[in-house]
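One-letter residues, chain by chain:
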Amino acid sequence: MNNPSEQPVETTEGGGMTRRTAIKALGATLGAAAFAQAIAPLTEWTENMTMDEYLQKHYKELSPFDLGVVMSRLEAETKAETGVDVHIGDYRPQPGVKFGYALNLSICVGCRRCAQACHVENNHDRPSGNSYIRVLEMEKGSLDLAKGRVNYDKPVPSKDKFYMPVQCQQCDKPPCVSVCPVEATWKESDGIVVVDYNWCIGCRYCEAACPYHARRFNWTKPQIPPEEINPDQGYLSNRLRPQGVMEKCTFCLHKTRQGKLPACLEACPTGARVFGNLLDPESEIRWVLKNKRVFVLKEDAGTRPSFFYFFDE
Amino acid sequence: MKRRAPICLVLTALVLVATGGQWLLRASASGADIPSAAQSTQVDATTQTAPVASRPEVPPHRPRGHHPSVATGIADAHGNTTAVACMTCHATRASDLDNGAAGGTPKTFHQGLAYAHGGQSCLSCHHSEDYDALRLADGRKLAFSDAQKLCSQCHGPQTRDYLNGSHGGMRGYWDKSKGTRTRNTCTDCHDPHAPAFPQLTPVFAPRDGAARQQAERDAARVRNSTQPSAHE
Ligand code: SF4
Ligand code: SF4
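Protein sequence lines, in the order shown, are assigned to chains C and G.
Using the working numbering, the first residue of the first sequence is number 37, and each one after it goes up by one.
Using the working numbering, the first residue of the second sequence is number 83, and each one after it goes up by one.
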């Protein structure tokens, strides 16, 4: 039973691979030095871990009861650490819903309010100014992302420029998911690619695999003044992250799975952003797909994004 | 589930060995690395983000009620701003179509009103007989609160997009069966007298690795371009 040679090395839907086999397989293929490198975050950040946390099973395998226990523990830990009463919900995909997001590049003025709203909503690290959204200032007439500039500071929009916010594209063929050695990241039925922060070992393979640079790594424990903590949290989204784990845009699933609009859309003053259910033919996102000439980023990467861009005619 | 249990034990043992058992001690002191309130005040001021507004800094032009008014620009004895109802003047004054004819600013009343909205005159949109109302192209009266209808006479594609949820900021629910949403209308963001969307100051300058790397690349490019080339 415990003979590792009997364990499948390929990851399969539903989890054939465990942390231990993954680590063994890694050790075999990478050599000792690379192996030590790969598990370094594991040995480092266990210092801040509790026993319960360590023994917690993979989110997908927890029964609703166990999950309730995990949520309460995380809430209690947040209270002890920060003094803030938070609610951590377990928001599940709704049947019949597959999220899509579209962005009108003719309207976007590049004001970065979306990136700021993400920062506030998702309890991002304050000192590094983290956000899941990067807004690229692009030359009109070119779609070369490599030429996009993120650190523009003049009043926007400037002449001869357009602005392209980039965040997780919630790909249908997510390369980030398939490279994860421990299945700490996966795609849910509503299309959202999630990370279980209590399962991620911090190897950063997914960060390297993402063609859109959509993943962010917590090099340090994110710092937020207690009075700025957003207490409405989701287990798989904006709860306070530990050190040494990967995080990414979740389309604000703690909001959107309750029917609400994502924070970046609500902050957008121009209405450049359109969000909704791709499976509902009456939805606004479907209207955009049908009536505008939409495109996806890096189509040749074969990632099949759920995020679309368009220009007005 | 069954397979997981022994694995957890193995890993736990491994970690205990690797950390010399300190980890168990640290577990009881968890929270030691959490910044105190005093530390957190050192956070850069630009990250002290205010609640995000869904509207840009554009003066809202939404005269309301049965007797819409405009600000006089004069404060009363208490320092409060004052407004005057449109009809206070317009009930007795004849329309002056030459006052600020297309492109200029009005010379007598409404001085300083910067007008930049195509070749219209005041009375293209304001009703010449009832200044409490707007005027549709066919001469019908329209309440100020319905101004969007007036705009849509010329701005068809924008109206179509607005009606299909892809123009103009909004808040609330994407799932209309679960809740409502509030939406901006045209004049929340566009000054009807000068409707071009104003330039905004971008907020929240990025400070992550990508931004830093780019700043370095930019600097390198500037350095390279200021060095004399080999042929000179
Ligand atoms: S808030 Fe809207 S207009 Fe501003 S950068 Fe983001 S998408 Fe563009
Ligand atoms: S954009 Fe990147 S992080 Fe998001 S699903 Fe695609 S590969 Fe994964």
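Check before you lean on any hint, since a few could be wrong.
[Claimed, not checked] Result set (BS3-like, lysine-lysine): computed pairs, CA atoms no more than 25 Å apart in a straight line:
no., chain 1, residue 1, chain 2, residue 2
1, C, K134, C, K326
2, C, K209, C, K326
3, C, K134, C, K334
4, C, K209, C, K115
5, C, K93, C, K223
6, C, K134, G, K258
7, G, K258, C, K326
8, C, K134, G, K260
9, C, K209, C, K134
Honestly, the hints are just simulated from the structure, not real lab data.
Self-check item: Straight-line alpha-carbon gap C:K93 to C:K223, limit 25 Å
Solution: Holds. C:K93 to C:K223 sits at ~18 Å (cutoff 25 Å).
Quiz item: Has the given pair, C:K134 with G:K260, been kept, meaning a C-alpha gap of at most 25 Å?
Solution: Cα-Cα ~17 Å, so holds.
Quiz prompt | Restraint status (C-alpha distance of C:K134 to C:K326 at most 25 Å) | solution = Measuring from Cα to Cα gives roughly 16 Å; hence the hint holds.
Quiz item: Taking only the CA atoms, is the gap from C:K134 to C:K334 under or equal to 25 Å?
Solution: 21 Å, holds
Practice problem: Please work out if C:K209 and C:K115 have their alpha carbons no farther apart than 25 Å. | Solution: 38 Å, violated
Self-check item: Pair hint outcome, C:K209 versus C:K134 [Cα-Cα no greater than 25 Å]
Solution: 14 Å, holds
Quiz item: Are C:K134 and G:K258 close enough, with their CA atoms no more than 25 Å apart?
Solution: Within the cut-off at roughly 16 Å; holds.
Quiz item: Is C:K209 close enough to C:K326, meaning Cα to Cα at most 25 Å?
Solution: This hinted pair holds, its Cα atoms lying about 22 Å apart.
Exercise. Assess, step by step, whether the Cα of G:K258 is no farther than 25 Å from the Cα of C:K326, and give holds or violated.
Key: At roughly 21 Å apart (the allowed maximum being 25 Å), C:K326 and G:K258 satisfy the hint.
Checked against the numbered hints given earlier, the structure breaks only hint 4 and satisfies all the rest.
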